[in-house]
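Those letters in the sequence shown? Residues 0 to 159, by numbering that gives the first Met the number 0.
Some hints could be false.
[Claimed, not checked] Derived Cβ-Cβ restraints for the label pairs, each shown as a range:
(1) Glu77 to Ser43: 13 to 23 Å
(2) Asp113 to Arg139: 32 to 42 Å
(3) Gly114 to Arg58: 32 to 42 Å
(4) Ser43 to Met81: 10 to 20 Å
(5) Val66 to Gly114: 14 to 24 Å
(6) Ser79 to Asp113: 12 to 22 Å
No wet-lab data here; the hints were simulated from the structure. Think of the CB as a built atom: it goes at the ideal place given N, C-alpha and C, for glycine as much as any other residue.
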Amino acid sequence: MPRPVLAGPRPLQALGRGLTECAASVRIRAPPARAFGVATAYDSLHDRLPRHYAMSRTRSRRGGVAVVQARMVVAGMEWSVMARHTEDAPRRHETAIIGGDGRGTTIVETYEGDGDTTVLTVRASIRRRGPLGVPLPVGRRGAQEWVRGLAAAIARAAES
Numbered sequence: 000m001p002r003p004v005l006a007g008p009r010p011l012q013a014l015g016r017g018l019t020e021c022a023a024s025v026r027i028r029a030p031p032a033r034a035f036g037v038a039t040a041y042d043s044l045h046d047r048l049p050r051h052y053a054m055s056r057t058r059s060r061r062g063g064v065a066v067v068q069a070r071m072v073v074a075g076m077e078w079s080v081m082a083r084h085t086e087d088a089p090r091r092h093e094t095a096i097i098g099g100d101g102r103g104t105t106i107v108e109t110y111e112g113d114g115d116t117t118v119l120t121v122r123a124s125i126r127r128r129g130p131l132g133v134p135l136p137v138g139r140r141g142a143q144e145w146v147r148g149l150a151a152a153i154a155r156a157a158e159s
């Protein structure tokens with residue numbers, strides 16, 4: 000049976016108002032499977048990535064898809080979210096925020112490399128409006144710093 004194709008980030012012209020697109024890459028001294036394992040151990044994200052997750056709990060898992068309840072720290076703000084995580088181990092991990100603050104935000108992580116070195120690329124389309132259309136104070140600079148910090152935190156956790 001063929002594997003489903005995972006949707007990539009939306010093209011820039013389709014972003015519309017209220018979304019900020021940003022990306023960051025980092026080289027990790029660890030195999031792709033280990034780095035991928037850090038980002039997909041949902042119940043321990045708050046332990047491994049404490050600056051980005053205040054709490055995380057898996058609600059359901061079916062095959063390569065998990066629904067996770069989390070409190071994410073985005074650009075200094077705590078977001079309460081329900082997120083759908085789609086995995087194509089160990090190469091791609093996509094997170095779509097399907098409920099709560101920042102609904103409509105997507106984060107796509109790709110892991111490239113063989114052996115002991117991995118290049119992690121994180122691309123995010125961050126929604127800057129809350130569930131009731133209230134603007135969230137997340138500017139382009141804060142979003143870009145958050146994505147860079149997330150990539151660096153995954154790298155540190157994978158290398159330790």
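Status of the hints after comparison with the structure:
1. Glu77 to Ser43: 13 to 23 Å: Given about 19 Å between the Cβ atoms, the range holds.
2. Asp113 to Arg139: 32 to 42 Å: The hint (32 to 42 Å, Cβ to Cβ) holds, given that aspartate 113 and arginine 139 are roughly 34 Å apart.
3. Gly114 to Arg58: 32 to 42 Å: holds, 35 Å
4. Ser43 to Met81: 10 to 20 Å: For serine 43 and methionine 81 the Cβ distance comes to about 18 Å; the hint holds.
5. Val66 to Gly114: 14 to 24 Å: violated, 33 Å
6. Ser79 to Asp113: 12 to 22 Å: Given a distance of about 38 Å, which is not inside 12 to 22 Å, the answer is violated.
Going through the hint list in order, the structure does not satisfy hints 5 and 6.
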